[in-house]
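K.L.:
What follows is the residue order along each chain.
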Amino acid sequence: MSWPNRRNFLKSAAATGAAALAGKPQLARAQEAPRASAASAPSARAREAETGAPPAEVLTADRPGSDFMVDVLKRLGFEYVCSNPGSSFRGLHESIVNYGGNRDPEFITCCHEESSVAMAHGYAKIEGKPACVFAHGTVGLQHAAMALYNAYCDRAPVYVIIGNLVDAASRRPGVEWEHSVQDAGAMVRDFVKWDDLPASLPHFGESAVRAYKIAMTPPMMPVLLVADGDLQENPVAEAWPPIPKLTLARAPQGDSGSVAEAARLLVNAENPVLLAGRVARTPAGLKALIELAETLAAPVIDQGERMNFPSRHPLNLSSGRGLIAEADVIVGLELTDFWGTLHNYRDQLRRTSRRLTKPDTKLISITTGDLYLKSNYQDFERFQEVDLAMAADAEQTLPALTEAVKRLLTADRKRALEERGRKLAAAHQKALEAARVEASYGWDASPISTARLSMELWAQIKGKDWSLVSGAGGWPARLWEFDKHHQHIGSSGGAGVGYSAPASLGAALANRKYGRVSVTIQNDGDLMYAPGVLWTAAHHKIPLLSVMHNNRAYHQEVMHIQRMANRHQRGIENAGIGTTLLDPSIDFATVARGMGVYGAGPILEARDLGPAIRRALEVVEKGEPALIDVVTQPR
Amino acid sequence: MRFAILMGLAATAWGEAPDAENGRHLFARYGCYQCHQLEAQGAAATGPRLGPRPIPFANFTKYVRRPTGQMPPYTAKVVKDSELADIYAFLESLPAPPPVKDIPLLNQ
Ligand SMILES: Cc1ncc(C[n+]2csc(CCOP(=O)(O)OP(=O)(O)O)c2C)c(N)n1
Ligand SMILES: [Mg+2]
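As they're listed, the protein sequences go chains Y and P. Position 165, counted from 1, in the first sequence is what the working numbering calls 165; the numbers after and before it change by one each time, with no gaps. If you count the second sequence from 1, you need to add 1000 to reach the working numbering.
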């Protein structure tokens, strides 16, 4: 059977409603031409034969292609479509809210396409599957681009559909041309894993399922589908095409030879170190890493890109970079930057680096990064030589590695490992105590220290089922007790600022149905990129407590300008120009209230913080967002 | 510097003898606070704690002039020796924090 795309739809219209089309340009927009369906056309023709009058123009359609597209999205199990509206996908939009009943997926109104994508990014890291994003042709996709780049660098699945009108002869004059593009995917092809422009509904069904599968195969990444405007809007007379079955590909596991070799090296090592990057895609990854570490009594340095390892586990030595210098075997698990982890780098006039490891240290890598690489954007970091490389998914490979290690462990070796485990546990405890002492300096300072902010927050949430829907970096990683996979979501991936506010909201949206208390420590500069996300939080009643880390600056950049000023021996007092958010200071509580979100602050005194957090949490536990503006030390 | 003042710091007069109050002001004005924080309490990713009980003064000036790590250099052209002495006096004047055992939030 052939399915009506723009061209053959018009062909069938021409054949069945020949008289109506006579004298009209062949490629008139379907909306102007009679949208004759196969069912209605013959009666129109019969009427014309009887009366000699032209048939009444068909102005309505019962089964637009976009209804089928919504069926496909439902079949794929999407809960949400995060979107800022745009006419290039008006068909899809209307089908979601009416035909689809605005449930699974439900339309989440976003105020910026970057927010739509970043929400989907945060959602994916809690839910383990993508949310859908609709974006408007050229303009929406360009806004979405940076957030797509973050998700790409962060190996997170995001599923984007944009509207576009391929057939130039069918476009409305004016703005529909500005919003149409010949090759939409080209805008973002360097940082999505796959994109397609389906030409028919069967093609849409196949590509939609393929895109989902590709996005969810490690290394996970965003995908893009272009939904042609005619394909969305043209009515369909035939039965819907079949929707292919979705079977996700199993993540690749390291080959048995390499796993055995890695196990041998690890069992014989005196000072092995496990480096964890994006290991725990799911709670199973967290469990698998605990098992390997405990079996080997090996320390884990968790780089915090996922919730890989419990923060208070005695083998967690994430602050112990000294271990790298002592190590004889190092395993890099889904690392972004193996080289950067093994080297010290000096950002002075002459840039220098120094290798931290001993010359004979054996290096093993397990990463899907070896399976998929693009050329243009340089997120793959510097090349690191290794001794054994498994092009495989770490989470999938860890159980086999642990089994292989267990098989090689003799009773003697186990005793030696127990001794090592005790030493590491003592080092872990020492690091925790040292961190507490460091946190006590500036404890009562105003602006409030980041250590104080973190501990005031944790005190209020630790007895609940909480989720820090931002990175755990800094004080939480050092001082909070993280032991569940949903307790933090890692970082942006591409360090494209503006990620945190929407991603935390997307993660909070995913957490909502589990009744978790979502909290985030929100930077001021980051929120200012697209503060409209606050309105989205209020509108959709997404419970999220945002505690501002308001240092009234793009502080990272303050430090960079200072570095340049010092180097050039001039103007060392001017680093605040262009980098601070002062004069006026932003009153985030008022901003929040203006968007319908509970807002408190600015809070300058540490003693006021605990009570403010308690009050805001009451709001959040009633199911609404809240924001507390806390004026903080820079870091 | 306006932004320093707005961060809650008061400008004070310049003095010849080491002057801790002026040192606090310079610590902010010259950007030391950016990496070492306003109470010099330090931050893991940007710069270590500097006080109270700073490293000996000779080592202190030597480090500030010619850092061996990530810290950007402050030459005599931009920070006078006397100003470093004031900053040092500020670091010395910082109060010791309460013991960790007396801070319940740090014993969770
Ligand atoms: C899209 C984007 N623009 C600019 C930058 C450069 N940049 C890096 S950190 C930063 C400051 C962010 O400010 P804030 O979120 O308040 O964090 P802070 O550094 O103050 O802790 C900027 C502008 C970036 N990384 N991404
Ligand atoms: Mg800031």
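Treat the hints with caution; some may be incorrect.
As the list claims (entries may be wrong) - Restricting the straight-line Cα-Cα distance to at most 25 Å, the calculated cross-link-like pairs of lysine-lysine (DSS-like) are:
id	chain 1	residue 1	chain 2	residue 2
1	P	LYS1101	Y	LYS430
2	P	LYS1077	Y	LYS462
3	Y	LYS484	Y	LYS287
4	Y	LYS622	Y	LYS513
5	Y	LYS541	Y	LYS622
In short, the hints are calculated from the structure, not lab data.
K.L.:
Which constraints among the numbered hints does this structure fail? Numbers only, ascending.
P.N.:
2
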